[in-house]
Each structure stands twice: as structure tokens, then as C-alpha cells.
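Using the hints, position chain B against chain A.
Protein chains in written order, with numbering that gives the first Met the number 0: chain A, 0 to 306; chain B, 0 to 306.
A portion of the hints provided could be inaccurate.
[What the hints assert, rightly or not] Okay, derived cross-link-like pairs now, EDC-like style, lysine to aspartate or glutamate, Cα gap no bigger than 16 angstroms in a straight line:
#1 39/B <-> 9/B
#2 258/A <-> 299/B
#3 274/B <-> 259/A
#4 268/B <-> 298/A
#5 268/A <-> 266/B
#6 73/B <-> 137/B
#7 274/A <-> 259/B
#8 268/B <-> 299/A
#9 250/A <-> 281/B
#10 258/A <-> 298/B
It is worth saying that the hints were derived from the structure and are not from the lab. Just so we're clear, the structure is a prediction, and the values are computed from it rather than from any experiment.
There are 2 protein chains.
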Amino acid sequence: MLPIVKGVLEGERRSLARAISIVDNDESESQIIIHQIFHKTGSAKTIGFTGSAGSGKSSLIGKLIPVFQTLGYKIAILAVDPTSPITGGAILGDRVRMQTIIDDDTVFMRSMASRGAIGGVSKSLRNAIRILDAAGYDLIIAESVGAGQLEIEISRVVDLTVVVFTPYTGDNIQAIKAGLTEIGDLYVINKADLAGATTLFNSILDLIGNTERKPVVLKASTKTGSGIKELALSIDKLINSAGSSYKEKEKRMLEEELKDMVLNIVELKLLDMLKNNSKYSDYIDRLVNKKIDPYRAAEELSAILLR
Amino acid sequence: MLPIVKGVLEGERRSLARAISIVDNDESESQIIIHQIFHKTGSAKTIGFTGSAGSGKSSLIGKLIPVFQTLGYKIAILAVDPTSPITGGAILGDRVRMQTIIDDDTVFMRSMASRGAIGGVSKSLRNAIRILDAAGYDLIIAESVGAGQLEIEISRVVDLTVVVFTPYTGDNIQAIKAGLTEIGDLYVINKADLAGATTLFNSILDLIGNTERKPVVLKASTKTGSGIKELALSIDKLINSAGSSYKEKEKRMLEEELKDMVLNIVELKLLDMLKNNSKYSDYIDRLVNKKIDPYRAAEELSAILLR
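Only chain A is shown next, with the shape it has when bound in the complex (with noise of 0.2 angstroms):
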């Protein structure tokens, strides 16, 4: 066993962030990490957080804290960042408001890069999942900041969304627009204290009622404490109530999470081959020529590659 699965089985924070630093970036050692810890793992529940900047989110995830811990969880929370593809930078400010509101020593919190690559957020996120779960941690709660496809990922690995509107102008829309309505388990209208909450409280209704799903939609304020409980009770009671549709649910996301390791594992091969293959540079001459076209070259390149 490593030393630093050891520390992560002993719950040792240190061990925890390097651990989750190391399938964050995806380092070699991930997999014998995960190799290691995979059979401890599976007695957590897990949420996420979404919302559109300015929700609230991270206040009212500190308010619910207390009240989860009544309830005698231990709580992770991992705070998915926006990353730039581009520069691959991590915009912290968010983490830093939130490890004011959060100042709790028996709560683990670690922010983790969400790397470019779609598809690269669910595999760091299943892989802090599964670390935060094997050192004991039983409800982690994975926070984002709304950037469309993001939320998406992440509604694809956890047991519960939790999609946070506030009542001023135009979330609304904007939520409709990045496809918020669609991704959630929970609604939650926060800063009820504020003029509009009813309206949009009874506009998401709408929007939702026309859905299969029957999602649960409710309001809160962080700042006069007003339904803050009663949101913690419902999320603990659908977490626990999932029963049999909570295991198809685990199911498919081992199917998906295997295709997609496998189709990167094949794509990493392949484009080595594309590389290598001085018939590549050939096509994308002909193809700056206009001597073939986009479809042409590519059925036959990879028909070359597969033969």
C-alpha cells in the first residue's frame, strides 16, 4: 500500500489533498491510488451545488452544514473551479469568500481544477469521490460555479443536484438558457427575503411541471435562516430514498466512466499513429489545396489507421 493511501484511509488531511491534487492533474500515481482505495468506496452520498454566480450558493451550503452535522454526516465539500482551457488557471476568488463562510475544522474542503477537456471534470470529480469516501467522508458535496456543460458533468456523477436561483433579473432566463432546469433534483429559491422570489419560485414550477421528473422545488434565505432546515431535511431524505434507482444510477455511471476510459485510452494511441504517419501531413496538404474534402480524407486516413 502506498504511505499516501495509507494516510488517506486514516483520514489524514494532508494525504487527502495531495491525494486528490494527484487525480486532479491526473499524475501516474492516480491509478494505483485508485487501485488501492476502490474497494473502500461506495457508503457516501453525494450532491452538487450549482447555480449561476451571485446565487448564493456558498453561503447557503455554510448554513446547511450545522444542520447536516445534527444529522451525524461528515462532510467534504469539493469546490469544482472554472478553468480557462486556454491558460488553464483557476479563478479562486469564489473559494476564498467560501473558506470564510466555512470556518469549520470538521468539514474538508478542497478546490479542484476542472480541467478543459469535457469529460475531464467527471473523472477527477469520480476519483475525489472516491478517495474523500474511502477516508470516511459520507456526504460530499461538489459546488460549482454555472458554466453551462460543467453543470452538466457534474450532475452526471453525483446522487443529487441541488440548482440555486435567486430572484433577481433575468437568472431566470439565464438558468433556462444553460440548461439549469434539466440537470436538477432540487430547486431552491434563495434570498426568499428578497421581492420576487414568489414569482420565480412559481415560474421554475412552471417550467419543471412540464418535465417527467418531479423535482422538488423550494425557497430559503441565508439571511433570515428561513427554510434552511427544511432544505437539509429534504436533501437527506431524497438521498436516502433513492433505494434501487440510486444502484441502476451507480451502474450507468461505471458504464459511461468505462467508455470514456476506454475511448481515451484508444484516442491516445491513435492520435500517436496520426502523428507518426506521414499520411497524415499528406491529407491536411491536399486538404489546404482543396484537392480533397474534410469527409473524404477522413474515412480514408481512417481506414489507413485501422487496417
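Then chain B, alone, in the frame of chain A:
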């Protein structure tokens, strides 16, 4: 030659609309259409217009069009809609709004649904541009509603990317988060008549001053008309001065496209192989029962498939 291709080459609008739908939906005819028009392409200039919802992109484009027409351009606009990867439906609100702004028979306008899968947009857009290019449109504007990954994809397909900001609170930070400051060749502070425009202008200058690229930053106001002509002239200058760097970009784009298409073909073959391989469900069962970890399963399975 397909009748629809004949229509496209004659610039006949119904053929154009239908051909764009065909490539957007990736129907089987796409291949033949692209094959038959590919040698007629390569003269159009392409611009991507992006920015968050409410930044006034559509109005701005509406004001720029008459100026571009004065410069002699025949203009087509492709509006790329953010499509839900789940329902597949496009949100057409913005498009309807745009159609009322741009009420000009000489401009060809068409909405495209951006398919959920990343990479799907590039493919659709590249081929739609080719169709318009072959039809004689020499300035093609791809307009999209700000949504992170989508913008980046579009910026890789067009010659020039224009990012539109407005001086309302939050847009600045939102934009940084979405990585918008990295994809632009030209930045416009729209609604420059509003308070805060100068502050925003300066912070955008600050932000991109740290980058190696030296993009242009301008102010404009659709309301007062200030800066519109300057913006159009700047765009015209940039798309026509690129010279050798433009040739380089075109080659890089074709390379990227060929690689994507080859990977897609191989991926489809592989998924087919997976579906029909009994080992696949064996591995999933073993994963569910934690008898094997995902890394090992993926490696073993890909070795079986590639054998």
C-alpha cells in the same frame, strides 16, 4: 451535382437554408454537399460575435451591417443557439429579437442548433460557413449567446473573434470566469453611454495587457451610434490584414478538423464493438461489485478491443 448544391451555388435562399440544416443535423447528404462545394470555398471572411446575454450583441451587429455593406460585403449571419444536451431543443427568443433588428433582405440569416456534444458545433459551423462561402457570401458572422465552452469552439473556427461587454455590474467578473478575455481578437465595450463604461474599458485593457496577444479594445454605443463606424473599420482592417497568419490558422483548423473527424469515425466503430462485446458487461458487473477498479478495467478492455 445534387439539385440542392446547384441551388446553393446560385445563392438560392431555400437551398441555402436546407443545406445548412442538413450539415447542422449531420444528415447523410452532408458528405455529398461538402464534397461538391469544397473546391468553391476559401474566399469568405468569418467573424465570431460573442458576449453574455444582455450585452447587446444582436443590436450591435444590426448597426454594423449597413457599414459592412458600404464596404462591399455580402453578409450572412449564423446564430448559434445554446441547445440543451438533454432535450435537444433550441431557445429561439434571441433569434426572434434579432430578426426584428436586422430587417434587411440582402442579409442571409439562419439559426443553428448547437449540438450537445463538444466538437459538434465546430463541425456544423465549419460546414455551414462553407455552404455560405460557396454561395458567394464573403462576410459570415457567427453570433452566439455566451456559454463558455461554446465560445471557445466558435473562436477556433472563425478568422476573428469579437467579444462584447457591457458596463453593468458583474459582467466583468463573469467574463473572466468564462475565459472570454482569452478568445477575443477584438473587445467592444457596448453601451458606452452608460456609467461604468470607462472603468470597464480600463479593466479589460488591464486584463489583456498581461497576455501576449495584443487585441484591440474599443467602445461603442448602439444607442448614440458612437464608435460603430470605427468598430466596423477595425474589423475590416483586421480580417484583411491577417495575411500569412491567416493561412497558418486555416491550415491549423483543417488539421484540427481532420483529427476530430478521424477520431469520431474510430469512436463510432469502437462503441459498436463495445456494444457487441460480452466482455463489456462482464467488466461493468465486476466494477459494480468492486472486483476491479476503473483504470484496470479500461486498460484490459481496450487491449481486448484493439487486439
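Tested hints:
Among the hinted pairs, residue 39/B with residue 9/B is consistent with the structure: their alpha-carbon atoms are about 12 angstroms apart, no more than 16 angstroms. The suggested pairing of residue 258/A with residue 299/B holds, with an alpha-carbon distance near 12 angstroms, which does not exceed 16 angstroms. Proposed proximity of residue 274/B and residue 259/A is supported: the alpha carbons are some 14 angstroms apart, at most 16 angstroms. Note on residue 268/B and residue 298/A: the hinted pairing holds, with a Cα-Cα distance of about 12 angstroms set against a maximum of 16 angstroms.
Our distance criterion of 16 angstroms between C-alpha atoms is met by residue 268/A and residue 266/B, whose separation comes to about 12 angstroms. The suggested pairing of residue 73/B with residue 137/B holds, with an alpha-carbon distance near 6 angstroms, which does not exceed 16 angstroms. Between residue 274/A and residue 259/B, the direct Cα distance comes to roughly 14 angstroms. Compliance with the 16 angstroms bound is thereby established for this hinted pair. Of the pairs offered as hints, the one joining residue 268/B and residue 299/A holds, with about 15 angstroms between alpha carbons and a cut-off of 16 angstroms not exceeded.
Between the alpha carbons of residue 250/A and residue 281/B the distance comes to roughly 12 angstroms, so the proposed pair stays at or under 16 angstroms and holds. In summary, the hint linking residue 258/A to residue 298/B is supported, as the alpha carbons are separated by about 11 angstroms, within the 16 angstroms threshold.
Of the hints listed earlier, there is not a single one the structure fails to meet.
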